[in-house]
Amino acid sequence: EAQVTQNPRYLITVTGKKLTVTCSQNMNHEYMSWYRQDPGLGLRQIYYSMNVEVTDKGDVPEGYKVSRKEKRNFPLILESPSPNQTSLYFCASSIGRGWETQYFGPGTRLLVL
Amino acid sequence: EDQVTQSPEALRLQEGESSSLNCSYTVSGLRGLFWYRQDPGKGPEFLFTLYSAGEEKEKERLKATLTKKESFLHITAPKPEDSATYLCAVRVLGWGKFQFGAGTQVVVTP
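Which chain is which? The protein sequence lines are A and B, in order.
Read left to right, the first sequence gives residues 992 to 1104 (our numbering).
Read left to right, the second sequence gives residues 605 to 714 (our numbering).
If you're looking for bench data, these hints aren't it; they were derived computationally from the structure.
Be aware that one or more of the hints could be misleading.
[To be verified] Cross-link-like lysine-lysine pairs, in silico, DSS-like; alpha carbons within 25 Å at most:
no. : chain 1 : residue 1 : chain 2 : residue 2
1   : A       : 1048      : A       : 1060
2   : A       : 1060      : B       : 701
3   : B       : 646       : A       : 1062
I would like the entire structure built from these sequences, with the hints used as guidance.
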């Protein structure tokens, strides 16, 4: 089954404790992206990637890092999480340059205390 | 600054009562306008892509249209299963940058 998977689905952590949210797709998509979703603000793009080792910043990259060492994986790293990074995070992937169809993962709900 | 605004924020419809959702945008260099549906607790699900003014796309009870400043998602004779949050997004200049609106939450009652 074609899908985007994220792990963990739920995470409670404390300020400053480094964490990684994994994202993996099995559709051989070149393009991948991370978003955060907050009430009233909609989805905001954090980082996106065209292919292995090619990434760029979205609208809200501060406090986040990404890494694209393999085509199928695009982990999101929070080196020193803060409470304002409490949010619902989505990973997405797309096959072509037109980003015609972005397939979204199920989401990771993060609470930073 | 690129901006995407959706209205209304919420919409309550009776089954069969057609309506329209609006997505207005101010962007420099539109590279596509996208509609997604999001059910509670799930990731957004792609519905349509529109590229140029005058373009229309349909899927079941949904029809999306595009002008130079806004897009409409028309829901014809909605059913309760059409209840969801509908998100509008634009792809702007560059190869992968997106701006999303805040969404319209639609509730269809029997």
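These are the hints, each one checked on the structure:
1. 1048/A <-> 1060/A: Holds - the C-alpha atoms of residue 1060/A and residue 1048/A are around 17 Å apart, at most 25 Å.
2. 1060/A <-> 701/B: Roughly 21 Å between the alpha carbons, so the hint for residue 1060/A and residue 701/B holds.
3. 646/B <-> 1062/A: 24 Å, holds
Of the hints listed earlier, there is not a single one the structure fails to meet.
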